[in-house]
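Sequential numbering from 1 applies to the first sequence in full-length UniProt numbering.
There's no promise every hint is true.
Claimed, not checked - No farther apart than 35 Å at their CA atoms in a straight line, the calculated lysine-lysine pairs in the DSBU-like style are these:
#, residue 1, residue 2
1, Lys286, Lys593
2, Lys482, Lys462
3, Lys401, Lys323
Unchecked claim - Pair ranges (Cβ atoms, derived):
#, residue 1, residue 2, range
4, Gly112, Tyr495, 20 to 26 Å
5, Arg109, Asp164, 38 to 44 Å
6, Gln145, Gly431, 33 to 39 Å
7, Leu141, Asp164, 16 to 22 Å
8, Asp442, Val287, 57 to 63 Å
9, Gly668, Gln190, 54 to 60 Å
10, Asp442, Ala113, 28 to 34 Å
11, Pro26, Glu558, 34 to 40 Å
12, Arg350, Asp167, 43 to 49 Å
By construction, these hints were calculated from the structure, which means they are not laboratory data.
Model, not experiment: these values are computed from the prediction.
Glycine residues also receive a C-beta, built at the ideal position from the N, C-alpha and C atoms.
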Amino acid sequence: MSNYPDIYSSILEGLNDKQLEAVTAPDGPVLVLAGPGSGKTRVLTHRIAFLLSQGVSPFNILAVTFTNKAAREMRERIERLVGGAFGSYEARNITMGTFHSICSRVLRRDGGAIGISPNFVIYDDDDQIRLIKQALNEIGLDEKQYAPRSIQARISSAKSALLDPEDYSSQGVSSYFDEIAARVYRRYQQLLEINQAVDFDDLLMKVVLLWKSYPDILQQYRDRWQYVLVDEYQDTNRAQYMLINLLTQEHRNIFVVGDEDQGIYSWRAADIRNILNFERDYPEAKVILLEQNYRSYQEILDVASHIISSNRLRRPKKLWTNKSGGALVRVREAYDEQDEASYIAREISRLTSLGEYTYSDFAVMYRTNSQSRPVEEAFSRYRIPYQIIGGTRFYERREVKDVLAYLRLIHNPHDAASLRRIIENTPSGRGIGKGTMKTLEDLASRAHISLWDAIEIALGIKSLEEVGAFLPNLEIPKLQSKAKESLKQLVGLIYELREQRDILTLPHLIDTLLIKSGYASFLSSGAEEDLERLENARDLISIAQDYAAIDTSEALVEFLQEVALQSDVDTMQNNGNQVTLITLHAAKGLEYKVVFIIGFEEGLLPHARSMDRESDIEEECRLAYVGVTRAMEKLYISYAFHRNVFGATQTNVPSRFLANIPPDLLDGSLPSLGRRGPGRLTSTTSPRTPSGSTYPGGARNYSGQSYRPFPSNSNFVSSSNLERIIQEYKPGDRVRHPKFGEGVVLKVEIQGEDAEVEVRFAAGSTKKLLASMARLQKI
DNA sequence: TGACGTCGTGTTTTT
DNA sequence: CACGACGTCA
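Using the sequences provided together with the hints, build the complete structure.
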């Protein structure tokens, strides 16, 4: 290949000695200990490019990242790096993603061996809690006495430690509560199976089980993924460790990157020993330390080093940079959280008006999601656009979950969480009451069948034998004729939609579902709240547009998986000009020119719930360290004298993590003695807009637009456009679709505010497309 | 059976 | 403060 040498040198160009050593390391285990800002993403991407340049097939590479967004970005960077040098589809064929998404794919493919239906659905937090409540009820335990959330936490940590219900009751029980949890766990797991569902932890645990039980299947994956790279290795848990370990034992090409100082997920069962013991697991490992920081000014790094140095359980590391001459880190005391927020808003306004920075250069970071509120309010007043990461996510909104429930049910009718959601919530007035539900659930629970099966049996559509329940003495309950009628309608609807799935594209299927289920008319009261909900539901159609080109059955699987495994940062916008509000946890791996860390107080950072154990305090310290090291140019740390918690005012003192910082590294005194009232650092606590004009009451609207993580329905046609579309496409017209290729229009039909165009494509398939969405071109 | 009101309770971080 | 569970009323 003529341009090969160019490509080769561009892969290695500009790397420092250590990075180069990591990128070009020979086959075998490699551990890269990478301090913040030391270019670890760079090392990972260049390493993969290097492997490709050495003739390794992209099909043989697996890269595990912490977020889907990171995977996406890494793939793009590799594509840019190698271009078409090794064929144009190189980077696309690398397997990249989070542990959860990779495992989901493995289970979809091979889970059958351990009894997992290929149509499984993924249960989120909400679904899990519902299921735990159901399990509690069935066992006859009071859900008030045994908080479902605590039980869920126990189950989750058991699963992360690879303990199934039997293991847990025999090994994991050390208290009365554990014993209860063990019983619930057992029933909960049965319920998951009946619903053909898995939870987040199952995704990991079941793949370990699969690989351990079926060496031949494991061998297939070992042959496939001969090169394995893992990012953020310090945050892997036992299950993830086992996955990687099983996979890499044969070829031993394991390349992990991590930093013990940035381990912040021990509460999610991450085990820092995974990285500490790497050299023991792989004695032949090459270990490379990346200590040069390319991100932050020396002034910021100094503060970071002093903060982390109070941790005892770490090997000392010396971060250095040659970026000096920055501003000192500013520390400010605010009177309360409003004052703190106003100060930040004013500072951002000041810096942007100087023209030095734009809004997207700023991030505000905090320990708990609830701290974002006063900041949001201040930003609204000061008209600062922002996006907020986390909190209530798009996919957690009620109407979105409602629509997803229909989709999940189309995909897998045994998913009782979705079925119940549809029956109980929306649209109301289905005519299926509590009594009926109780009867059906009893039947389901006694016969060990799904709720869906129970309904079909009660309706006489199926027999007990047909669904695999052999209980000749079981009495099939009689239902009221009204309830029966309603159930028939619901079952009919789902069957009908399942048929539509084989005909329509995914966005069109959602559109149809909204209409046929009555959900659309349910939301068409015209009230503002309903309008917004409808819009959210329709945003889902726009998102599904990405899947319009593949077979809908397949599209549904991919779509539901993406939705379920979407992380907070995955929804983040990189383009818009807006300030980012984000938790310290979610900020890991990101960087901003100017960072504000708020709530640097005892009780918040370290958090009150983490103050009992020293190891917890150390984790809080690492959290502070992660935050500080996100800043490239300017860092602001603030804490509030008063803070409203729960409605009551609390008085807080500055965080202990500030205590180790020499005062001359900071701009702003550390008033460990003496407290001052409002106005110490701010001239006033009453906000003024920078322009001095009055601001509108509906402040949220202003920024509300800017942080919606998903497109508004701007690509829906207005009715005036509709005419145009109908005139544009006529039967017999030849059209081109970006993904399906050329085809002939068979039929055009008005569908509500849109038009449906039926096209037969040259490839032989016939699809019904929404005119507003399909991006059809006439030829 | 549904809608509305009161009371009680609980918030760390997330795939 | 805000949300959910529960009870009462129509």
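Those earlier numbered hints the structure runs against, lowest number first
3, 5, 12
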